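Those protein sequence lines, which keep their order, are chains A and B.
What the first sequence shows, in the numbering used here, is residues 1 to 642, in sequence order.
What the second sequence shows, in the numbering used here, is residues 643 to 792, in sequence order.
Worth double-checking, as some hints may not be accurate.
[Claimed, not checked] Within a straight-line C-alpha distance of at most 30 Å, the following computed DSS-like cross-link-like pairs (lysine-lysine) qualify: (1) A:K477 x B:K703; (2) A:K477 x B:K790; (3) B:K789 x A:K588; (4) A:K410 x A:K578; (5) A:K42 x A:K181; (6) A:K550 x B:K736; (7) A:K133 x B:K778; (8) B:K778 x A:K42; (9) A:K598 x B:K789; (10) A:K290 x A:K181; (11) A:K536 x A:K501; (12) A:K292 x A:K145; (13) B:K789 x A:K42; (14) A:K145 x A:K165; (15) A:K20 x A:K104; (16) A:K122 x A:K133; (17) A:K42 x B:K790; (18) B:K687 x A:K272; (19) A:K490 x B:K703; (20) B:K778 x A:K65; (21) B:K778 x A:K410; (22) A:K477 x A:K336; (23) B:K778 x A:K578; (24) A:K104 x A:K54; (25) A:K324 x B:K703; (26) A:K20 x A:K42; (27) A:K618 x A:K557; (28) A:K550 x A:K618; (29) B:K703 x A:K618; (30) A:K598 x A:K578; (31) A:K290 x B:K654; (32) A:K577 x A:K618; (33) A:K539 x A:K598.
Think of the hints as simulated: they come from the structure by calculation, not from any bench.
Note that the structure is predicted; figures quoted are calculated from it, not measured.
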Amino acid sequence: MPRINSSAELEKLRESILSKIDPNKRTITLCSGTACHATGSKEVASSIEEEISKQGLSDQVDIRKTGCHGFCERGPIIVIQPEGICYLQIKPEDVPEIVSQTIKQNQILERLVYVDSVNEEKIIHETEIPFYKNQQRLLFGNNIKIDPKSIEAYLALGGYSALAKVLFQMTPEQVLEEVKKANLRGRGGGGFPAGIKWEGSRNAPDDTKYVIVNADEGDPGAYMDRSLLEGNPHSVLEGLAIGAYTIGAREGYIYVRQEYPLAVENVGLAIKQAEEYGFLGENILGSNFKFKVIVHQGAGAFVCGESTALMTALEGRAGEPRPKYIRSNIKGLWEKPTVLNNVETWANIPLIINEGADWFTQYGTETSNGTKIFSLVGKINNTGLVEVPMGMTLRDIIYKVGGGIHRGRKFKAVQTGGPSGGCLPDDLLDLQVGFDELTQAGSMMGSGGMIVMDEDTCMVDVARYFLEFLTDESCGKCVPCREGVRQMLKILTNITQGKGKDGDIELLEELGETAKEISLCALGQTAPNPFLSTLKYFKDEYEAHIKGKKCPALYCKELIAYYIDPEKCQACMACLKKCPSDAIIGGKKTIHVIDQDKCTKCNTCFDVCPPRFNAVKKISGEPVPSPIPEEERIIAKGSKEK
Amino acid sequence: MNNERVDQIIEKHNGEANSLIQVLLEVQNENRWLPRQALERISEKLQVPLTRIQHIATFYKAFSLVPKGRHEIHICMGTACHVRGSQNVLDAVKNLTGINPGETDLDLKFSLETVNCLGCCALGPVMEIDGQIHGKLSPADTAGALKKYE
Numbered sequence: 001m002p003r004i005n006s007s008a009e010l011e012k013l014r015e016s017i018l019s020k021i022d023p024n025k026r027t028i029t030l031c032s033g034t035a036c037h038a039t040g041s042k043e044v045a046s047s048i049e050e051e052i053s054k055q056g057l058s059d060q061v062d063i064r065k066t067g068c069h070g071f072c073e074r075g076p077i078i079v080i081q082p083e084g085i086c087y088l089q090i091k092p093e094d095v096p097e098i099v100s101q102t103i104k105q106n107q108i109l110e111r112l113v114y115v116d117s118v119n120e121e122k123i124i125h126e127t128e129i130p131f132y133k134n135q136q137r138l139l140f141g142n143n144i145k146i147d148p149k150s151i152e153a154y155l156a157l158g159g160y161s162a163l164a165k166v167l168f169q170m171t172p173e174q175v176l177e178e179v180k181k182a183n184l185r186g187r188g189g190g191g192f193p194a195g196i197k198w199e200g201s202r203n204a205p206d207d208t209k210y211v212i213v214n215a216d217e218g219d220p221g222a223y224m225d226r227s228l229l230e231g232n233p234h235s236v237l238e239g240l241a242i243g244a245y246t247i248g249a250r251e252g253y254i255y256v257r258q259e260y261p262l263a264v265e266n267v268g269l270a271i272k273q274a275e276e277y278g279f280l281g282e283n284i285l286g287s288n289f290k291f292k293v294i295v296h297q298g299a300g301a302f303v304c305g306e307s308t309a310l311m312t313a314l315e316g317r318a319g320e321p322r323p324k325y326i327r328s329n330i331k332g333l334w335e336k337p338t339v340l341n342n343v344e345t346w347a348n349i350p351l352i353i354n355e356g357a358d359w360f361t362q363y364g365t366e367t368s369n370g371t372k373i374f375s376l377v378g379k380i381n382n383t384g385l386v387e388v389p390m391g392m393t394l395r396d397i398i399y400k401v402g403g404g405i406h407r408g409r410k411f412k413a414v415q416t417g418g419p420s421g422g423c424l425p426d427d428l429l430d431l432q433v434g435f436d437e438l439t440q441a442g443s444m445m446g447s448g449g450m451i452v453m454d455e456d457t458c459m460v461d462v463a464r465y466f467l468e469f470l471t472d473e474s475c476g477k478c479v480p481c482r483e484g485v486r487q488m489l490k491i492l493t494n495i496t497q498g499k500g501k502d503g504d505i506e507l508l509e510e511l512g513e514t515a516k517e518i519s520l521c522a523l524g525q526t527a528p529n530p531f532l533s534t535l536k537y538f539k540d541e542y543e544a545h546i547k548g549k550k551c552p553a554l555y556c557k558e559l560i561a562y563y564i565d566p567e568k569c570q571a572c573m574a575c576l577k578k579c580p581s582d583a584i585i586g587g588k589k590t591i592h593v594i595d596q597d598k599c600t601k602c603n604t605c606f607d608v609c610p611p612r613f614n615a616v617k618k619i620s621g622e623p624v625p626s627p628i629p630e631e632e633r634i635i636a637k638g639s640k641e642k
Numbered sequence: 643m644n645n646e647r648v649d650q651i652i653e654k655h656n657g658e659a660n661s662l663i664q665v666l667l668e669v670q671n672e673n674r675w676l677p678r679q680a681l682e683r684i685s686e687k688l689q690v691p692l693t694r695i696q697h698i699a700t701f702y703k704a705f706s707l708v709p710k711g712r713h714e715i716h717i718c719m720g721t722a723c724h725v726r727g728s729q730n731v732l733d734a735v736k737n738l739t740g741i742n743p744g745e746t747d748l749d750l751k752f753s754l755e756t757v758n759c760l761g762c763c764a765l766g767p768v769m770e771i772d773g774q775i776h777g778k779l780s781p782a783d784t785a786g787a788l789k790k791y792e
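So here's chain A without its partners, still in its complex pose:
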């Protein structure tokens, strides 16, 4: 491929790419993100390819494997263009019919379309599905339109025009002004304004400067950065190059987790392509700007998501944070001015340059502008990645986009901000989502994980869970985090095991206060948040555990027992056969009884008991009723039919 040496050549290339694309040509778009891979999109892809050629349609139909569409709950997903017909949960055996019916004869296969959970209406077109309809997909929307392995697909959508604009029509100062005016705040968690960070580095006197993409997405339950990097890597590279031009950097790094092999592969390929076309390397687009990008794989340490720890890791050492008396945008990587931003932040830059800061600020609230991608997971109907304007309420995100709570259960809390964030209860559902709004409520934006919890989730256990995670991930450099968080975990574990005592809550608060005040980095400083926020909103659950030795959510193993209601048991043998520890006594026509000494509380009997019997009960804070005498356990034929 010829190198592009000017803005005009870029536009010429774009025209020639566009002239080869027929917008009306049938295209089958298949999501090939990680979650869809796991549900079998690879097999679906090969059977589509096979079927298309078998039915002699290779010239008439294009197949496009794209990045994540976001609706992971219903993968594998295909969208048939230009109509936008969306089929969900496709299996390889559905493919022949899709090709012969829908592709050849324009017949819709009703069994594969989305069915609304409320009014059972069938929805054919992707854009009309409530999950998509209520989003604002400025960044994420392109994932569905492009093959991440093709730079031409990105160019067809106007790719690298922002870089050309910056290089030939704007001075670095003007770019900086635009980013500052857009009030783009860091999407990685802190929400620090990107423009101000950039300005600090730009004004620093050093000649050597660096830019870094933080793709060390470690928050459990969050995967939007991975999907952006996998699905649209060029948008991140373009943003990074614009940042480098603005602050005067010649070298950039992408720090990506090695647990994300597809992201590593796609971004590596994108860099190679961009170098060939002249969007990276020497004399970019014929200008005198040069910039090279290096991919560094993280070896698995949550703390490396912290900016100074990440830079230490890039230098080839153990990723421990350092005190920030001097900010890393002044002295960062190799002691040089370094701008580090998150994947999503970088991906916003080309949009801001192309459309302008005024366009960007029309979305969002007064202090949080633009959109934010959330990973909406947990006990929610539509698990997936959603992009909404800042300022949308939690209720709209959970109910309108997310489709409400799993299995019709009752909402209890939503956890935002990852391990540093907090849990918000139902009376805060009308809270507008924004950096400052969430912080005021005792949680935070974080990188955008949003974990929905229902009435079966124990909030004390959630706090314990996060502290266990943080104890494990603490790098061990400073005492309040290494020892304090460990002690907090010990006390919380005791509480969930029924060994809590008076004074525990006060001691936890004191330890939390210390960790918050004097830990070295954000990991330790925010570690008490999961505890503090659950205590603030769910104090009654803590008290029930400590005083009543009872788990109101019936979750904590040491505080619950399983019991089969003899009135309801139909002796169907389902639980008896499945019990992994042979703890269920009974037989055909003999009411089942749980041997409490053998029971490991694995929940299997509860899961397998048919809902129409609903005989297995969980009880907490009260003694298990003694089993009925053996002679009364025999079910005479017909005696129990009700």
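Once you've looked at the hints, dock chain B against the given chain A.
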């Protein structure tokens, strides 16, 4: 892994000391653990003290200083899987294999690890064996999934 192969990997990263982690990762991915002899070679070639390599190899989760089993089981303990009952899945797998997270069984069949989010939250609780995802698991399903591996 012989020294020649280690040298090739070092060569690929231009023999720079700041590529240490990338070199170790490549050795780990190919050999599935880091033998002492390979670490000594890296130390010598990159001019990095063995103590620092040891620090890095024990700091990051991706590295193992002991041999791994033929099949690596990763159980996702991310938040989304946690609220959907991954602890029960882990308990069942611990029972079936007789090993705890971080351990390998005596006949080197399985190694068990817990991980924090595989990014397949829609499929939780999730267990990954040799890169293959088993989703929407109940504790009772785990025995069937493990049986497939020899």
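Numbers of the earlier hints that this structure fails to satisfy, in rising order
When the structure is compared with the hints, numbers 2, 5, 29 and 33 turn out to be violated.
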